[in-house]
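Asker: Order-wise, the sequence lines are chains X and E.
Under our numbering, think of the first position of the first sequence as 1, with each following residue one higher.
Under our numbering, think of the first position of the second sequence as 1, with each following residue one higher.
No wet-lab data here; the hints were simulated from the structure.
A few of these clues could be false.
To give an idea of the interface, some chain E residues facing chain X are shown, with a C-beta separation under 7 Å as derived from the structure [to be verified]:
(1) F9
(2) S10
(3) L20
(4) N27
(5) H52
(6) G56
Only a predicted model underlies this, so the values are computations on that prediction, with no experimental measurement involved.
Ideal placement from N, C-alpha and C gives every residue a C-beta, glycine not left out.
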Amino acid sequence: MTEPDLQTAADAAQRVLLVDDDPDYLALVALWLSEAGFVVDTTPDAEAALARIDIERPAVVVSDVMMEGYDGLRLLSEIHRRDPIMPVVLLTGSARIPDAVKAAHLGVSAFLTKPIEAQALVAELQGILRVRGSVDARSGGSFGAGIIFRSAGMHEVVERARMVAQFDTTVLLTGETGTGKEVLAKAIHEGSPRAAGPFVSINCGAIPEQLLESELFGHEKGAFTGASARHTGLFQAADGGTLFLDEIGDMPLALQAKLLRVLQEFEVRPVGATRSIPIDVRVISATHRDLKTMVEDEGFRGDLYYRLNVVPLQLPPLRDRREDILPLVDFFLERLNRRVAKQVKRFAPDARETLLKAGLPGNIRQLQNLVERCYVLSGGDMITAALVGEALDEMPGDVPTLDAAKQAFERRYLLSLLRTTAGNVATAARLAGRNRTEFYKLLDKHGLEPKTFREQKA
Amino acid sequence: MNGPRAEGFSVRLPAKLRPLVPAFLENRAKDLGLAQDALAQGDWDTLAAIGHRTFGTASSYGFVGLRDIARRLEHAAGAQDRALVQACLTAWGEYLQQVEIDYASPDR
Ligand SMILES: Nc1ncnc2c1ncn2[C@@H]1O[C@H](COP(=O)(O)OP(=O)(O)OP(=O)(O)O)[C@@H](O)[C@H]1O
Numbered sequence: 001m002t003e004p005d006l007q008t009a010a011d012a013a014q015r016v017l018l019v020d021d022d023p024d025y026l027a028l029v030a031l032w033l034s035e036a037g038f039v040v041d042t043t044p045d046a047e048a049a050l051a052r053i054d055i056e057r058p059a060v061v062v063s064d065v066m067m068e069g070y071d072g073l074r075l076l077s078e079i080h081r082r083d084p085i086m087p088v089v090l091l092t093g094s095a096r097i098p099d100a101v102k103a104a105h106l107g108v109s110a111f112l113t114k115p116i117e118a119q120a121l122v123a124e125l126q127g128i129l130r131v132r133g134s135v136d137a138r139s140g141g142s143f144g145a146g147i148i149f150r151s152a153g154m155h156e157v158v159e160r161a162r163m164v165a166q167f168d169t170t171v172l173l174t175g176e177t178g179t180g181k182e183v184l185a186k187a188i189h190e191g192s193p194r195a196a197g198p199f200v201s202i203n204c205g206a207i208p209e210q211l212l213e214s215e216l217f218g219h220e221k222g223a224f225t226g227a228s229a230r231h232t233g234l235f236q237a238a239d240g241g242t243l244f245l246d247e248i249g250d251m252p253l254a255l256q257a258k259l260l261r262v263l264q265e266f267e268v269r270p271v272g273a274t275r276s277i278p279i280d281v282r283v284i285s286a287t288h289r290d291l292k293t294m295v296e297d298e299g300f301r302g303d304l305y306y307r308l309n310v311v312p313l314q315l316p317p318l319r320d321r322r323e324d325i326l327p328l329v330d331f332f333l334e335r336l337n338r339r340v341a342k343q344v345k346r347f348a349p350d351a352r353e354t355l356l357k358a359g360l361p362g363n364i365r366q367l368q369n370l371v372e373r374c375y376v377l378s379g380g381d382m383i384t385a386a387l388v389g390e391a392l393d394e395m396p397g398d399v400p401t402l403d404a405a406k407q408a409f410e411r412r413y414l415l416s417l418l419r420t421t422a423g424n425v426a427t428a429a430r431l432a433g434r435n436r437t438e439f440y441k442l443l444d445k446h447g448l449e450p451k452t453f454r455e456q457k458a
Numbered sequence: 001m002n003g004p005r006a007e008g009f010s011v012r013l014p015a016k017l018r019p020l021v022p023a024f025l026e027n028r029a030k031d032l033g034l035a036q037d038a039l040a041q042g043d044w045d046t047l048a049a050i051g052h053r054t055f056g057t058a059s060s061y062g063f064v065g066l067r068d069i070a071r072r073l074e075h076a077a078g079a080q081d082r083a084l085v086q087a088c089l090t091a092w093g094e095y096l097q098q099v100e101i102d103y104a105s106p107d108r
């Protein structure tokens, strides 16, 4: 709470994005809201607002209806196309019934007529956030306290996880490597009535088949060559708690059949044992594979799939939730700062910008490594953009997804165009076969400034 | 009758508004210029829009006199009443010159 830079969902809950093309009104309302304790972000136009929302997700958007070019109603529908549950409050100078009706259809949270009193607006927002807050329910060490996010996508996943945590439901977590499947599994365990029991985790892909079987179910002394002592399996070790089966897609078919039996009968029979032992375990499994396709291709048992996939939760890759990047970076950095107490380091503002704009892969573990690398390599208290750039360049290349590869190619392509044309956008756009507007959009997307290429030439 | 008179030259505003007020007044002076241009061109829509917008902003800030002038301007422009619009703009100018602001103490 006291670390100002540690951005968790708790402070995101109070972030308001204000949109109005009247600067005086914008300034005034910003003042009201910040006095009332909100974190206020302002922008004079709707398109800039959308760009902001993509980067830092506010808890609520307050927008004027009548704006030059891109009005508040269009902004409302555009926001809800991206995030159907983001609350939007519209302020209008003249209460026109058709607008109000349209806004209601578009899911406006409140449609208020100017002039509006400061207190009325504040009360309205507090009301909206309170309703929202009961969904959030993330304050003070509640569910998923260690899961850092700000994106709508994660919000939804975490919320569903919170709801299933209370029951013994079998959960299947899917998502690319390093998207936080284990973190979420642990959160579910900790948010469940089994929290006092053990959380036991095993990576089914990392262990040879025979060993995996005895790891999971245990074995009697002498059950096979090398079984010199009795071994308690992980199912038993997790009794009263949760067993997390990571990389379940890598489990050999023969073992899948045995696992299915355990899940149906709630008892295990250790290798070489004659009797089964009843167990009370909740199973959460995870995979980065597409199990459904594996079932079709007969690489995974259909009956086991349906048994495991009672509640599916899919974790979005980081590149699809860029607004989580900076909160995660702050979180990892803060952790390092706390560990190395005598040296508190910060990312320079343009270094943060670089991180935000880098074509980061989907993998949070890589982001964490990157932060650690920057931390270790930076000489001073300030981690510079140049250092971040270096660390990014040296990031180990997992096979990128096609999308990530396309993005990376596009960026390199634009860079070389800008270099050859010395930042002349008209020429660069022509060479790329794009019109200037489109070309500027591309540059914007990659955070490239033609100006900088001009200066380099001079 | 309903003639535009700049009333309420003195306003009492919360102290926290102090940093915002200079820009606010400057922008209203710019608006006045825009309104005069619009009148010269008989652009009633722009005049009405300026009146409408200023009505909203001025009331929110607490500039009651200006708010009233702005409302009359909006109506006069709607009625395309050149003389009344001109009178409103004169009143607007006077208001900006004569307004006296008294800031309430910060902790009330
Ligand atoms: N939302 C998050 N907030 C904080 N830390 C996170 C978050 N997501 C992931 N991490 C961190 O990133 C790393 C990878 O997460 P995790 O091990 O849960 O991913 P995974 O999907 O299980 O990966 P794998 O498939 O490789 O097992 C961990 O160190 C974890 O602490």
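Asker: Output the indices of the hints that this structure fails to meet, ascending.
Answerer: 1 and 2
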